[in-house]
Each structure stands twice: as C-alpha cells, then as structure tokens.
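Protein chains in written order, with my numbering: chain L, 1 to 434; chain S, 1 to 434.
Some clues are possibly wrong.
Copies of the same chain look alike in the list, so a pair counts if it fits in one copy or across any two.
Claimed, not checked - Quick list of in silico lysine-lysine cross-link-like pairs, PhoX-like style, CA-CA up to 25 Å:
no.	residue 1	residue 2
1	Lys158	Lys59
2	Lys161	Lys175
3	Lys158	Lys175
4	Lys161	Lys213
5	Lys16	Lys161
6	Lys16	Lys175
7	Lys389	Lys59
8	Lys213	Lys158
9	Lys16	Lys158
10	Lys323	Lys158
For the record, the hints were derived by calculation from the structure and aren't laboratory data.
There are 2 protein chains.
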Amino acid sequence: MVATDIATRVWNHTFKLDTIVRSLLDTDFYKLLMLQMVHGLHPDVQATFSLHNRSRQVKLAEIIDEQELRDHLDHARSLSFTKREMIWLAGNSFYGTRQIFRPDFLEWLQHFRLPEYELRRVDGQFELDFHGPWTHTMMWEIPALAIINELRSRAAMKDFKRFELDVLYARAKAKMWEKVERLQALPDLRISDFGTRRRHSFLWQRWCVEALKEGLGDRLIGSSNVLLAMETDLEAIGTNAHELPMVLSALAEGDEELRQAPYQVFRQWQSYYGGNLLIVLPDTYGTSAFLRQAPPWLSSWTGFRPDSAPPIEGGEEIIAWWKRMGEDPREKLLVFSDGMDADTIERTYRHFEGRVRMSFGWGTNLTNDFRGVSPVPTSGLDPISVVCKVTDVNGRPAVKLSDNPAKASGDPQAVARYRRVFGEAAYAERALAV
Amino acid sequence: MVATDIATRVWNHTFKLDTIVRSLLDTDFYKLLMLQMVHGLHPDVQATFSLHNRSRQVKLAEIIDEQELRDHLDHARSLSFTKREMIWLAGNSFYGTRQIFRPDFLEWLQHFRLPEYELRRVDGQFELDFHGPWTHTMMWEIPALAIINELRSRAAMKDFKRFELDVLYARAKAKMWEKVERLQALPDLRISDFGTRRRHSFLWQRWCVEALKEGLGDRLIGSSNVLLAMETDLEAIGTNAHELPMVLSALAEGDEELRQAPYQVFRQWQSYYGGNLLIVLPDTYGTSAFLRQAPPWLSSWTGFRPDSAPPIEGGEEIIAWWKRMGEDPREKLLVFSDGMDADTIERTYRHFEGRVRMSFGWGTNLTNDFRGVSPVPTSGLDPISVVCKVTDVNGRPAVKLSDNPAKASGDPQAVARYRRVFGEAAYAERALAV
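Isolated chain L (complex conformation) (with noise of 0.2 Å):
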C-alpha cells in the first residue's frame, strides 16, 4: 500500500512560495539579548542596517531573482512571535538565569513585525536597506542574509538533476561527519552551531545541528539559532554583536566619548546582563587599541569573544592583559567564532589546552561547507562573504575597523577618523572566504 495524503498534496500545492524564513525565532539569539537592552535604553535611536556583499565577484542580482527575494522578505514581514514561541522564551532559563527577557520586553515583543525595507539592484549587486528604529531594524540582519544565501543555493542547484541532488547531499554529509570524528578526538571540546546567517538552507542547518547533537553528545552547547534551539531541545547560545560599540560610536560627541564608548557599551550590557552573558567583543576598533584603555572592571567579565584577529594570536593577547590585570586566565573563556573550521579549531584547542577555557562558535564552515562535493561543477555554492551591518545613526555614519583591515566597514571619511582615535589595526589583512 503506497498511500498517499491527498489532503497534504494538494495544501503543499497551494503554496505560494517555498518559504526560508518561517518563524521571528529564526534568528541568532544575541539579536534578542541587545534588542532588549535597545528597547530599553535607546529606543529612540535611528539606524540603517544595509547589505553588503564582500564577495564583489559574485554578482548576486544576476544569480537571486528580485521578485523571488522580495516574496521572501516580505513573507518575513508577515510573521510575529506565535504564542508558543513567546511562552518559550519567557518560561526557558538561558545560561542558568530564569527569565532573562523582562514582562515588559516580552508584552512590546509581541507585537513585533520587522519593518520595510529598500530593494534596488545596483551593477550586478543588490542594494537592500533597512531604515528606521534601531529597535525593528537590527532584526533583519539574520533572516535577510539567511534569505539571501538559501536562495543563492537554490539557483544554483536549480538545474541539477534528481541523483545529483542526491549525491550533493551525500557528499556534504559524509564531509560534515569527516569534522565530527576529528572534533570527537578533543575531549573537552565545547562548540555551538552559529551558522544562521550564511547557511546554505534552513533544513541544511537543522541537519547539521542534530548531526552535531549525535556525534558530540554534551561537547554540543548548543545553537545561536533561537528556533534550532527551541525545537532540538539545545542552549540558546550568543552574547553581544559590533552594532551595540558601533551605534553608540557613531553617538559619541567628540573624540573623547568616541574612545569612551567601546567600554561605555560594556557597561550598559552588565546593567542587563551577568554571568555567561558578560563576554566582551573587543575587536570592533581593533582588540590591541580596545586592551591598551580597557578600564580594570572589564577583567572580572567571564570571557572575550575574539572575532576577528587569527585565533591564536588573539587570544594570547588577551591571556597577557588578563595576566597584567592579575587575572587567573584559567578561569577565563574565550569564545572563538571567526570563519573556525575543524582544523582551525583543532589547532586553537590545542594551542591553549589547559591555559584558558576555551568555546567555539562555528559558523559558516558548519551550516554552508558544499565546497568540492557538487557533481556538477559550480562555484554557486561556495560561501561567500555577505553581511549586513549598521551603516548609518542618525544620520552619522557607523565604523567598524576590526582586527582584520578586510573586515573595515564605514564611510572612508569617518573610517579615517576611527583609524586616528583608535590607532592602526595590529594584525594585518586576511582573504574573507567566509
């Protein structure tokens, strides 16, 4: 008996589009922890959030079809918090700490819908735009790149016949688990999934994600993803992102209260948060020019979150200020997230083995790894490096310089500016594949 549902077919028929973003959880959990410091202290603020892609070669408005990315980005707009979703998040204790999320954030949350955005395609590029509160428009970050990405994937796979399609699959799967067995061989190991945005598609992530709960049992902490996390019972996982240094930056008045506000930022997370949740990024305008004026208190913070300097590099250099400012470095965590791959892990976990607490974030080399495992031969679906940042508060622009001079973002102008207060990037420029 080959039954089918006929009921289900035919719903499955009256689809209208094949969604990618399907539920507001579909996001990176840090997202929710700075909105709630945002609603509650800056809500007034102005910020654009723009796409941009650093992979200039690939000319994404000659790969994604617009009107096809427009059905996606408005069917987002269509979604709010389900009921099930808000009980989640109100009732769930994240890091330990019971409702992380005040009634009062949650009764605004409710009621959140993200906001309009500007589409125009631009020399082959796509120039997508979200203008208006800081509050609505640091939610597209994540699902706008993870539309753009899965529909990257989906064109590129658009011509691929049934057993291809399968044996791209099997391929993946088979190299995903190659990193599984080489991860299972660090026994301390303490990773998360932080693969959202650049995913290759949603099912994709989930795969992996539930392939990772398998293979490395507890050494899994979780996922940044709220959804994954929510539905494969995992930790929410993730802290705090550059828009909170890079907003109240471009507020700043002045040089002064420019140099001031990278730990100005610090100090309203503590406000908000403790615990696990106090780990500082410190790379926004370059990790050595951030520990030269890091103020004392910022050395009892659980852990860093190096994210842009060379793995290893950057955590000794923060091991060295942790052991300047008398701190034990082997009660302190670093939080490595920056293009990790299994090698690289294997080699930072190594490295700092018995010296510091070590956790990684592993992203795009997680959730979008299809290099070389195509039977058909495509670039299509090699990741690229796309992001979608704060560029402008009202009306000032936003800088980001980074320990990797590839990764500056801002207006020439105002990057020259950064560049003075906070002194020349100690590392030098890396290729972004990821």
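Given chain L, work out where chain S should sit, using these hints.
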C-alpha cells in the same frame, strides 16, 4: 501543516515483518529463461539447491536470528506472480524478441510457488537446502541469497544511531557516485546491474540502479533484476548459468557423455533462444578444457561470458579461439561478470577497446560495497562470498570446477572424477572477496 496520514501509520504498525522479497519477479532474469527450458525439457529432474557460505569465518547463524530467517523464507513462499507481472512478462519484448515466454510456460508459471526448505544450524552456519523438482528448487537461489545477505546487513546496523545510519548511506552514495564518474569516461560502455543476490538491501539496489540510470544514461543497458527492470523501465538482462551444465553433467552416463554434456546444454539452449541470448558460459569445468573440445557451431554464437577466469586472460583465450574458428572478434561479444568493479571494468574496457564488443555485469561491488564507509567500526557490512548451488541431481552429486579453483564445488570424489575428465584448472586460485 505537518500532516500524518494516520491510516498509513497504523497500517505500518501492523506489519508482521519488514519484507525483503516482495515479489517473485525480484529474481534474476536468467532464472526465468532457464526455467522455461527446464520446464520444457527436464520437468522430472529432481535437483537439490544448497546454501554455501564460502566466507567460513563469518558465522551466519550467530549473526542472523533463525526465526527471522524462517519468517522471511516463509513470506517468500507465500508469493505468486501477480496479474500485472504476468502481463508484463507476456507482453514485453526481451532483447528485441516478442513473446520470448511461451503461453504454456506462462500458464504454468502463474501457479508457481516456491517449494519447502530445510533449515538447520551447524557449527555457526546455516544449512539451508531446497529439495524437489528442478523446476521449483532452482527458483530459490536468488531470493534465498537476497534474504540472507539483507538479514546480515540489518543485523550489522541494528544498533546504529540515527545519524550514523544517515552518514553510512551518505558515504555509500558518495562512494558509488565516484565509480559512476569514472565510468562516465568510457564512451562505449555497456553495463548492467547483476547485483541482486549479494545486495546490501532491496532499497539500496534500487537506489544504485536508478542512480546508474541517471548517471550513465544509455550506457546502462539494464538490470538482471526482473522486478527492478519492470519498475524502472529498463531491459531485463541475462542468459544462462552454471546450473545447466552442472545438472546435465550429473545426469550423464559415463565419461564420454559427461565430456559432451557442457555442449549438449547449449544445443538445448539454442533450440529455445536465439540472438543475444546465445551467450556461452564456458567455465563450469574450465574454459581451456571447454574450448579444446568445443564444436565449431558454438563459434557462431553471439558471445561468451567468462565468469571465473581473470577477465583479460579469459577474454584473450576466447578471442584466440574465435580467430582459430575463423570468426572476427569485433563482431563478437564478451560479457564480463565476475567480481567486477570500477577499476577492473576500466582496465578490461581499455584492454579490449576496439577489438571485441563488450558488456559488463556489475554485481556485488555495485550493490553491496559498504567497505570503509561505516561510521561505526564493523566488518558486518563487508560483502561475503555466499552462494546457493545445485548439489544433487536425481541422487547424484553436482560438480563445478570453474576457472578459479576456489570456486570449485561438489563432493570430493566427484570433483576428482570431473578433473580427470576435463583436466586441471588452467588458472591459479584467486581469493574470493565477493
């Protein structure tokens, strides 16, 4: 909407067993061709078929549950040819011949059921014998082997976790596709699936056949599996097997009649079939002996299937014979079917390219190559050399010598007599991987 067809789920729950052989067409095509001749010319011969596991180190009776084996054998006995199967057999053209199966044979076939079996456990192995009329016992060979092999696979995977299974099949698919890509480089390849008896499982064989169909296009000329040929719209492929000369030799009175028996078989075959079905299987008692005594009329047949000699040496020996007989080998066909895999297919193809027509029957290494792909260390998925051979004909022992002494079978005294009549093997013994 996640829709579960409740009726289907409940129906599935009621399954007594997850069947392996679900159709009497799930057998090799040559069985049906031989059966028609046996039914016509030898309806009264009693022939015992017996399971023989040449891979003695694998204790099948310690791996496979006896009751489960009985359940599957019993299930196979409950099958008869269905209406649409009979229609397909009657209405299809095979090798361009319409109505290859005669109406009286088909009339008889629609009442066919598999006969009883005798099962015992001895020293960790199963003794599995089928006694009765040749017309019935011969039909057990393929389903019995398929059941044994699939039960062994299932036992090996019984404790695999979800993603271990997923990765196992992902790697097996990737491994298979590497072979497809290698074979795509052989422009005039003609290949067919011969992998029913030793398959990992029915579903895996179907995957392999469908993948080959997409990946090799017209280079895949068909499948020996009649059910898969019907379901996947391919040609059913096959001609005859060793049981024909083995039975007729066992029936021979005296050494001279024995010496003629292997040719007598093909005279009978010719009275039933023509064209592409005129394929000589020369190795039952050694190819060299066969060719030494072969009557000239055999040189007009379409081709030879060297099934136990090393393919290049065996092919050269046959080509030399054709030349001695005044035939042009470029108009002749060699069918290679003994333990072939991508590398031996490539080598054989390159060796004979332009000198003879070739086709390849790809068996165990197509449908059961899980070596090195399991994420859980196990040898339980490596193929074994298990056969089901005629052992007794009207109370006399049946003997096979073959071109590979490791494949010889039969009562030792009878083997010695056959060696005296036909001569010693011309080829060295080679290990039987599959």
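Okay, the hints, checked on the actual structure:
1. In this assembly of identical chains, the alpha carbons of Lys158 and Lys59 lie at most 25 Å apart only when taken from the same copy (17 Å versus 48 Å across copies).
2. Both within a single protomer and between protomers do Lys161 and Lys175 lie at most 25 Å apart by alpha-carbon distance, with minima of 21 Å and 18 Å respectively.
3. In this assembly of identical chains, Lys158 and Lys175 lie within 25 Å of each other by CA distance both inside one copy and across copies; the values are 22 Å within and 24 Å between.
4. For the identical chains of this complex, Lys161 and Lys213 are inter-copy neighbours only, at 12 Å across copies versus 31 Å inside a copy, given an alpha-carbon limit of 25 Å.
5. Within a single copy, Lys16 and Lys161 get their C-alpha atoms as close as 23 Å, which meets the 25 Å cut-off; across copies the closest is 37 Å, which misses it.
6. For a Cα distance limit of 25 Å, the shortest separation of Lys16 from Lys175 qualifies neither inside one copy, at 34 Å, nor across copies, at 37 Å.
7. Only within a single protomer do Lys389 and Lys59 lie at most 25 Å apart by alpha-carbon distance; the minimum there is 19 Å, versus 63 Å between protomers.
8. In this homomeric assembly, Lys213 and Lys158 come within 25 Å of each other (Cα to Cα) only across copies, at 20 Å, whereas the closest approach inside a single copy is 30 Å.
9. Taking identical chains as interchangeable, the C-alpha atoms of Lys16 and Lys158 lie at most 25 Å apart only when both belong to the same chain, with a minimum of 18 Å there against 42 Å between chains.
10. Proximity of Lys323 and Lys158 under a CA criterion of 25 Å is satisfied in neither setting, with 54 Å inside one chain copy and 53 Å between copies.
In summary, the numbered hints that this structure violates are 6 and 10.
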